[in-house]
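2 protein chains.
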Amino acid sequence: MKAIVFDVFGTVVDWRSSLIAQFAELARETGQAIPGETLADEWRGHYAPSMDRVRHGEQPWTVLDDLHRQSLDRLLEAHGLDFDEAQRQRINRFWHRLEPWPDSVAGLTALRRHYTVGSLTNGNLSLMLDVARHAELPWNVLFCADLFRHYKPDREVYLGACDLLGLPPGDVMLCAAHNSDLSAAQALGLKTAFIPRPHEYGPRQTRDLHAEGDWDYVAKDILDLAIRLRSGDSA
Amino acid sequence: MKAIVFDVFGTVVDWRSSLIAQFAELARETGQAIPGETLADEWRGHYAPSMDRVRHGEQPWTVLDDLHRQSLDRLLEAHGLDFDEAQRQRINRFWHRLEPWPDSVAGLTALRRHYTVGSLTNGNLSLMLDVARHAELPWNVLFCADLFRHYKPDREVYLGACDLLGLPPGDVMLCAAHNSDLSAAQALGLKTAFIPRPHEYGPRQTRDLHAEGDWDYVAKDILDLAIRLRSGDSA
Numbered sequence: 001m002k003a004i005v006f007d008v009f010g011t012v013v014d015w016r017s018s019l020i021a022q023f024a025e026l027a028r029e030t031g032q033a034i035p036g037e038t039l040a041d042e043w044r045g046h047y048a049p050s051m052d053r054v055r056h057g058e059q060p061w062t063v064l065d066d067l068h069r070q071s072l073d074r075l076l077e078a079h080g081l082d083f084d085e086a087q088r089q090r091i092n093r094f095w096h097r098l099e100p101w102p103d104s105v106a107g108l109t110a111l112r113r114h115y116t117v118g119s120l121t122n123g124n125l126s127l128m129l130d131v132a133r134h135a136e137l138p139w140n141v142l143f144c145a146d147l148f149r150h151y152k153p154d155r156e157v158y159l160g161a162c163d164l165l166g167l168p169p170g171d172v173m174l175c176a177a178h179n180s181d182l183s184a185a186q187a188l189g190l191k192t193a194f195i196p197r198p199h200e201y202g203p204r205q206t207r208d209l210h211a212e213g214d215w216d217y218v219a220k221d222i223l224d225l226a227i228r229l230r231s232g233d234s235a
Numbered sequence: 001m002k003a004i005v006f007d008v009f010g011t012v013v014d015w016r017s018s019l020i021a022q023f024a025e026l027a028r029e030t031g032q033a034i035p036g037e038t039l040a041d042e043w044r045g046h047y048a049p050s051m052d053r054v055r056h057g058e059q060p061w062t063v064l065d066d067l068h069r070q071s072l073d074r075l076l077e078a079h080g081l082d083f084d085e086a087q088r089q090r091i092n093r094f095w096h097r098l099e100p101w102p103d104s105v106a107g108l109t110a111l112r113r114h115y116t117v118g119s120l121t122n123g124n125l126s127l128m129l130d131v132a133r134h135a136e137l138p139w140n141v142l143f144c145a146d147l148f149r150h151y152k153p154d155r156e157v158y159l160g161a162c163d164l165l166g167l168p169p170g171d172v173m174l175c176a177a178h179n180s181d182l183s184a185a186q187a188l189g190l191k192t193a194f195i196p197r198p199h200e201y202g203p204r205q206t207r208d209l210h211a212e213g214d215w216d217y218v219a220k221d222i223l224d225l226a227i228r229l230r231s232g233d234s235a
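Chains A and B, in that order, are what the protein sequence lines are.
Here the UniProt record's numbering is used: the first residue of the first sequence is 1, the next is one more, and so on.
Here the UniProt record's numbering is used: the first residue of the second sequence is 1, the next is one more, and so on.
Please keep in mind that the hints were generated in silico from the structure rather than gathered at the bench.
All the given hints hold, so there is nothing to weed out.
Chain B residues, not near chain A, derived (Cβ > 10 Å throughout):
1. Leu26
2. Ala33
3. Gly57
4. Gln70
5. Pro169
6. Gly170
7. Gly189
Facing chain B, according to a computed beta carbon distance under 7 Å, are these residues of chain A, among others:
8. Thr116
9. Leu125
10. Ser126
11. Leu129
12. Val141
13. Leu142
14. Leu164
15. Leu165
16. Gly166
Glycine included, C-beta positions come from ideal geometry on N, C-alpha and C.
Turn these sequences into a full structure, and let the hints guide you.
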């Protein structure tokens with residue numbers, strides 16, 4: 001195994017707490033009451049359906065920044081929240097300023113000593129550059145949906161990354177907090193590593209609490225994955 | 001200006017001295033007489049013509065690693081040099097172990113404090129990952145020909161990078177040691193910075209010794225470019 005690619009939203013960065021904190025900051029600055037938790041959860045609720053519209057040809061190729069903006073507009077209307085264009089642009093960029101989980105930077109740093117580490121994300125490249133800078137993520141390479149003009153779980157994303165790496169799928173491992181992402185990767189011959197992020201969706205999270213497939217590695221977090229890989233330990 | 005993308009071979013790394021040193025090492029190990037300087041120069045001589053065959057549709061899309069191998073085989077035959085398959089594979093990977101010019105790492109490190117810094121290279125991504133690791137180049141992002149399936153000076157490469165950066169061409173600057181590369185970028189609206197590498201082609205280099213266009217910046221080297229950009233100085 002030569003390269004490890006990572007799902008980013010939820011696996012490497014804590015999008016929910018980061019969005020809520022930025023909504024709270026905006027509320028303090030504007031004096032407006034903003035239901036930050038509800039907005040964060042509902043906004044993320046639009047995520048998969050919005051990409052599915054693109055995946056199924058109901059909407060032409062659209063980068064995630066623009067899908068986020070479309071769902072934000074719908075969300076604000078549903079909640080009767082009145083934000084002007086500048087505020088909407090600012091809110092949409094909340095996704096560019098996400099905090100890493102506590103182990104992420106140390107884990108990636110340890111892994112890149114021995115492996116190529118990259119993203120394998122549905123975020124667009126310009127979004128991922130900002131996330132990397134803000135969270136100080138030490139990537140070797142960024143694989144983003146707009147390189148392939150496909151969204152995971154489309155096979156073009158997983159196999160496209162392997163092809164650009166010049167590696168057979170069996171030399172590439174996907175690390176993700178989501179069983180469905182790993183399932184798609186495994187079916188195409190990639191190695192898989194599951195790490196649970198039991199609070200990604202908040203305190204009442206019900207899914208992806210445990211490994212649900214025969215993954216090559218199951219680790220506590222990214223740093224623990226680095227330790228297991230060095231010790232030759234597996235799932 | 002928000003992002004600076006770099007030509008790599010010749011601009012950031014010293015391919016010629018690096019190839020010659022590796023040929024010398026191979027000669028010591030095998031006891032075989034190897035005309036390292038001649039091979040380096042002639043191998044590089046095949047570079048543009050081999051990409052032009054792809055650019056003009058005479059050969060289907062082929063990554064640079066494979067073009068290098070095709071021209072290496074021709075070169076060895078022309079010189080009557082007998083290397084087996086394993087040796088040829090090793091020699092082809094000389095391009096993966098290139099040394100940076102003395103200012104490159106310091107210059108890129110200074111620039112990435114204020115700009116996104118990326119490659120904009122005809123090398124393939126897997127090749128560029130090895131070069132980055134070997135030379136310890138602190139890229140934020142790798143733009144490589146195989147992302148676009150086009151070689152510079154095709155417009156798809158320059159404009160494809162701007163598109164993925166989410167920036168208009170005027171917010172992106174190409175830094176290169178080659179006037180022709182800058183000319184293609186400028187025609188598409190990118191900013192330009194020329195740095196001379198007067199020994200890239202050896203002691204008798206005759207081209208690209210001076211700026212030959214109206215470039216936005218002309219600097220001594222990459223570190224000097226970083227200093228000029230901070231001081232607001234221009235060409």
